[in-house]
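Asks: Just so you know, the sequences run in chain order G and B. Here this note's numbering is used: the first residue of the first sequence is 15, the next is one more, and so on. Here this note's numbering is used: the first residue of the second sequence is 19, the next is one more, and so on.
Hints are not guaranteed to be accurate.
[To be verified] Straight-line Cα separation of at most 30 Å, DSSO-like style, residue types lysine-lysine; simulated pairs:
#	chain 1	residue 1	chain 2	residue 2
1	G	K22	G	K120
2	B	K88	G	K51
3	G	K51	B	K207
[Stated by the list, open to error] Which stretches of chain G does chain B cover? Using the computed rule of at least three CB atoms under 8 Å from a CB of chain B, they are:
#	region
4	24-38
5	74-85
6	134-148
7	157-168
8	196-209
Rather than coming from a laboratory, the hints here were simulated on the basis of the structure. Every residue, glycine too, gets a C-beta built ideally from N, C-alpha and C.
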Amino acid sequence: MSFGERLKRDFSTMTLVLIPVAIVINIVVGQIVAALKLPVFLDSIGTVLVAVLAGPWAGLVTGTLSNVIWSMVANPDAIYWTPVAAIIGLIAGLCAKYGLFREWWKVIVTGVLVSLAAAVASAFISVWLYGGITASGISFVTIYLVESGRGLIESVFAASFIVEPIDKIITCLAAWGIIKGMSLRYVSRFPRAENVSA
Amino acid sequence: MNETIGLYIDRDSPLHRLNPLTKVVFTICIVILGFISPWAWITFAIPVLILIPMSFWGQIGVPYLRALLKIVVPLALILLVMQSLFLPGETTWFRFWFLSVEYESVERSLTLVSRLVSMTASFILFLFSTHPSRLMTDLTRRGVSPIVTYLFISTIQLIPLMRTKANTIMDAQRARGLETEGNIVTRSKALMPMLAPLVFGSLVDVEERAIAIEARAFRVPGKRTHLTIVPDSQAQHLFRIALIVLTVVLIGVRLWLSLTS
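Could you build all of it, start to finish, from the sequences and the hints given here?
Replies: In structure tokens:
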């Protein structure tokens, strides 16, 4: 199957209708988690959901639009972190393609891989745009590492690798739980249903 | 097209009547200008000398200033303080207690913060004066796929619906005795009973909506006609070209300066 045909199959009508719902899940769940004052973000569950059910490219589109729209309706700063959201969708989709979303322990592996990619991407943006010190909580970890004698760039990357995995593993497990909660008939309507059925 | 959505403020002003593409081009040029400006004070001058007067021209001056004070100024101050203290530098400017402020870190911080300020400020002005539906209608006419437009508009319409649903679920679960406050274990336990009904409830509608839009020939190939056409003018077309040319020239000047010095 050529790349164009694959894309056409991935972006079926079911996918197109799922993407807006997934983006809103990202935004609303992110807000509920913030309201409960939990120390995680969980703002990419919808992105991972689309990536698994409709492939990496649909995941990438979901992540990108998610941050663009979030910045339009609530938080203008979110736009700077769009590449991170896009990469999360892409990597989660690739992991699922190679069978890493079939059992719960494989989902944890996906979570780790996604978090590594997200950590690299967000560290780059943090260094390039903010000089490594942003206004979010993660910067306290960075500052602690800087003050204990490490270089700035090294500290930014280390801080990202400390904070991201927990969040992304929970995110992937939540998406997995949602898919397991759907009926088989419903899951099979999506273009990459084979990603989750053994 | 008059429902309140996101950050948009409905006014009948010349700024609001501009074609959305003109404002997109303008915003992108301002962002680029922030990155190529050799001195931080030029970048800081953009919001003060260009964006704030424009917001008054668009009759949204007061809410715009309020947004700057609430979103941009606190962020800029926090970043300035933290970066001045913790970015690396050589020449110590002054020290107090165990903290030291270096000349280089203040300079670097001013550059970084000025970019963020002018970017965010131009972005907020764009969002305040441009309705998302109007933007997407215009972009579709210019050749952006209707699929992108569908994704965009339907997400923006879903957000308030889902927020209402989320609040209803939260209230219902609290009424049943769900604890949403207390220590971290209690709060984590509250997550599942709130998320599950929300997520599964909204996924149920997906299949129905897919059938509905397929029945309305959503994916039929071919040229579409448009119900509303967002007005554009020759003057704006020329203005956009002039802005793009000016920005390209400035990028060239900046590159030439950094290569020769």
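Asks: Compare the structure with each hint and give your call.
Replies: Evaluated hints:
At most 30 Å may separate the alpha-carbon atoms for a hinted pair to count; G:K22 and G:K120 meet this at roughly 28 Å. For a cut-off of 30 Å, the pair hint linking B:K88 to G:K51 stands: about 22 Å separates their Cα positions. For the hint pairing G:K51 with B:K207, the CA-to-CA distance comes to about 13 Å; that is within 30 Å, so the pair holds. Chain B is given as covering the region 24-38 of chain G, and this holds because 11 residues of the stretch bring a CB closer than 8 Å to a CB of that chain, at least three being needed.
Remark: the region 74-85 of chain G is confirmed as covered by chain B, as 4 of its residues place a Cβ nearer than 8 Å to a Cβ of that chain, reaching the required three. With a threshold of 8 Å between beta carbons, the proposed coverage of the region 134-148 of chain G by chain B holds, since 6 of its residues qualify and at least three are required. Counting residues of the region 157-168 of chain G whose C-beta sits closer than 8 Å to any C-beta of chain B gives 5, which meets the bar of three, so the coverage hint holds. Check on the region 196-209 of chain G: 3 of its residues sit with their Cβ under 8 Å from a Cβ of chain B, so the three-residue criterion for coverage holds.
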